[in-house]
Amino acid sequence: EAQVTQNPRYLITVTGKKLTVTCSQNMNHEYMSWYRQDPGLGLRQIYYSMNVEVTDKGDVPEGYKVSRKEKRNFPLILESPSPNQTSLYFCASRTGLNTGELFFGEGSRLTVL
Amino acid sequence: AQTVTQSQPEMSVQEAETVTLSCTYDTSENNYYLFWYKQPPSRQMILVIRQEAYKQQNATENRFSVNFQKAAKSFSLKISDSQLGDTAMYFCAFMKQVGKGRGTGNNRKLIWGLGTSLAVNP
Numbered sequence: 598e599a600q601v602t603q604n605p606r607y608l609i610t611v612t613g614k615k616l617t618v619t620c621s622q623n624m625n626h627e628y629m630s631w632y633r634q635d636p637g638l639g640l641r642q643i644y645y646s647m648n649v650e651v652t653d654k655g656d657v658p659e660g661y662k663v664s665r666k667e668k669r670n671f672p673l674i675l676e677s678p679s680p681n682q683t684s685l686y687f688c689a690s691r692t693g694l695n696t697g698e699l700f701f702g703e704g705s706r707l708t709v710l
Numbered sequence: 592a593q594t595v596t597q598s599q600p601e602m603s604v605q606e607a608e609t610v611t612l613s614c615t616y617d618t619s620e621n622n623y624y625l626f627w628y629k630q631p632p633s634r635q636m637i638l639v640i641r642q643e644a645y646k647q648q649n650a651t652e653n654r655f656s657v658n659f660q661k662a663a664k665s666f667s668l669k670i671s672d673s674q675l676g677d678t679a680m681y682f683c684a685f686m687k688q689v690g691k692g693r694g695t696g697n698n699r700k701l702i703w704g705l706g707t708s709l710a711v712n713p
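Residue numbers (this note's numbering), protein chains in the order written: chain A, 598 to 710; chain B, 592 to 713.
Since the hints were made in silico from the structure, they are not lab data.
Just so it is clear, the structure is predicted and the values come from calculations on it, not from any experiment.
A couple of the hints might just be wrong.
Okay, the calculated beta carbon distance ranges per label pair [to be verified]:
{"id": "1", "chain 1": "B", "residue 1": "Q674", "chain 2": "A", "residue 2": "Y607", "range": "25 to 31 Å"}
{"id": "2", "chain 1": "A", "residue 1": "A599", "chain 2": "B", "residue 2": "S671", "range": "42 to 48 Å"}
{"id": "3", "chain 1": "B", "residue 1": "S665", "chain 2": "A", "residue 2": "L685", "range": "26 to 32 Å"}
As a list, the in silico DSS-like pairs of lysine-lysine whose alpha-carbon atoms are at most 30 Å apart [claimed, not checked]:
{"id": "4", "chain 1": "B", "residue 1": "K669", "chain 2": "A", "residue 2": "K668"}
{"id": "5", "chain 1": "A", "residue 1": "K615", "chain 2": "B", "residue 2": "K646"}
{"id": "6", "chain 1": "A", "residue 1": "K666", "chain 2": "B", "residue 2": "K687"}
{"id": "7", "chain 1": "A", "residue 1": "K662", "chain 2": "B", "residue 2": "K700"}
{"id": "8", "chain 1": "A", "residue 1": "K666", "chain 2": "B", "residue 2": "K700"}
{"id": "9", "chain 1": "A", "residue 1": "K654", "chain 2": "B", "residue 2": "K669"}
{"id": "10", "chain 1": "B", "residue 1": "K687", "chain 2": "A", "residue 2": "K654"}
For each residue, glycine too, the CB sits at the ideal point set by N, CA and C.
Using the sequences and the accompanying hints, generate a full structural model.
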């Protein structure tokens, strides 16, 4: 089954404790992206990657890191989480072609205390 | 700045009736894509329908159809014969080109509206 898998789905952590949210897709997609979703602010792009070893900042990259060492994986790293990073996070992927359809993971609810 | 506006934060409809969600966008581009995504209570975002700007014909997917008015920059979603499972947040999105990326092909970015929460009542 074609899917984007994120882990963990739920996480409560404390300020400053490094964490990683993993994302993996099995569709051989070139493009992958991370979004955060907050009430009243909609979806905002954090980082994206157009291919292996190619990553770029989105609209709200501060406080986040990503890596793309393999085509299927695109982890989101919070080196020193802060309460303003409490949010719902989505990983998404699509082909590099001009189709545009994004396939989303199920979301990761992160709470930073 | 390119924006996407969904003017209806919340809507409700009776089961089996028809509802239309509005979306307007602002762009100076001529070729682009427009999307409606659905986010049910389970949270996962799912593509509902896609429209290519160069196509005059409105896209249709079963009970979902769009009214694409390019000159007016309007892209509304019509849901016919509403079902309880249509209860969800609906997001309109516009895909713009942001220039040459360092990877394969051109870089394109989705600009999202803030969403319309639709409740289908029994």
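Hint check results:
1. Evaluation of the 25 to 31 Å hint for Q674/B and Y607/A yields a pass: the beta carbon distance comes to about 29 Å.
2. Under the hint 42 to 48 Å, the C-beta atoms of A599/A and S671/B, about 28 Å apart, miss the expected range.
3. A hinted range of 26 to 32 Å holds for the C-beta pair S665/B and L685/A, which are about 29 Å apart.
4. Proximity of K669/B to K668/A is assessed by CA-CA distance (about 37 Å); at most 30 Å being required, the pair is judged violated.
5. About 47 Å separates the Cα atoms of K615/A and K646/B, which puts this hinted pair outside 30 Å; it is violated.
6. Between K666/A and K687/B the CA atoms are separated by roughly 27 Å; this keeps the pair inside 30 Å, and the hint holds.
7. Annotation: proposed proximity of K662/A to K700/B holds, straight-line Cα distance about 19 Å (limit 30 Å).
8. Distance hint between K666/A and K700/B is fulfilled; the C-alpha atoms sit about 22 Å from each other, no more than 30 Å.
9. Under the criterion of a C-alpha separation no larger than 30 Å, the hint pairing K654/A with K669/B is inconsistent with the structure, at around 35 Å.
10. For the hint linking K687/B to K654/A, the alpha-carbon distance of about 16 Å falls within 30 Å, and the restraint holds.
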